[in-house]
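For the protein sequence lines, the chains are X and U, in the order given. For the first sequence, the numbering used here assigns the number 10 to the initial residue and increments by one for each residue that follows. For the second sequence, the numbering used here assigns the number 10 to the initial residue and increments by one for each residue that follows.
Since the hints were made in silico from the structure, they are not lab data. Some clues are possibly wrong.
A pair counts as met if it fits within one copy or between any two copies, since identical chains are not told apart.
With a Cα cut of at most 25 angstroms, we get these calculated BS3-like pairs of lysine-lysine [as the list claims (entries may be wrong)]:
1) K72 / K20
2) K29 / K72
3) K12 / K72
4) K14 / K50
5) K29 / K12
Number of protein chains: 2
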Amino acid sequence: MIKVKIHITLKPGVLDPQGKAVQESLNTLGYEQVLNARVGKYMELTLEEGTDVDQQVEEMCAKLLANPVIEDYEYTVEEGVTQ
Amino acid sequence: MIKVKIHITLKPGVLDPQGKAVQESLNTLGYEQVLNARVGKYMELTLEEGTDVDQQVEEMCAKLLANPVIEDYEYTVEEGVTQ
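For reference, chain X alone in the conformation it holds in the complex (with noise of 0.2 angstroms):
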């Protein structure tokens, strides 16, 4: 089988409420050399072998997984996973 990790963020210039809650909780917690934080997501697909894994994982994205007009995507493909 194939694992795909797929990393999905804001693009830079996108505001993140999100991570600005983050932040701002973190240093009213006391950690306040927390200057910033994004959030983004992450996700873990198990394909079958044999399949064209670059163009369908590019495919995925871009149809569903991340919203391309504010979110950038990348991922790393392992190969031969057997669980």
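Add chain U to chain X, keeping to what the hints say.
Frame of chain X; chain U shown alone:
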């Protein structure tokens, strides 16, 4: 500045309805080779230099960012980031 990249994932035995929804949506869209999907969180924190990063980040994850009952977390630290 120090940049910390944090991955928060559900522990292996924990049901992941969001991941299940992603998998079923991908299958419905025609990507039948997707056998499983798990969804987690990805965060990037920017910290001031000179903090005891490992201990601080460990504490932040355990106290606020992750739920250690059902989630695992791991992080990587990049020192000397300019932006």
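Going through the hints against the structure:
1. K72 / K20: within (17 angstroms within a copy, 28 angstroms between copies)
2. K29 / K72: between (27 angstroms within a copy, 17 angstroms between copies)
3. K12 / K72: Result: close within a single copy only, 19 angstroms intra versus 30 angstroms inter.
4. K14 / K50: both (11 angstroms within a copy, 12 angstroms between copies)
5. K29 / K12: So K29 and K12 pass the 25 angstroms test across copies only (16 angstroms; inside, 32 angstroms).
This entry satisfies every hint, going by the numbered hints stated previously.
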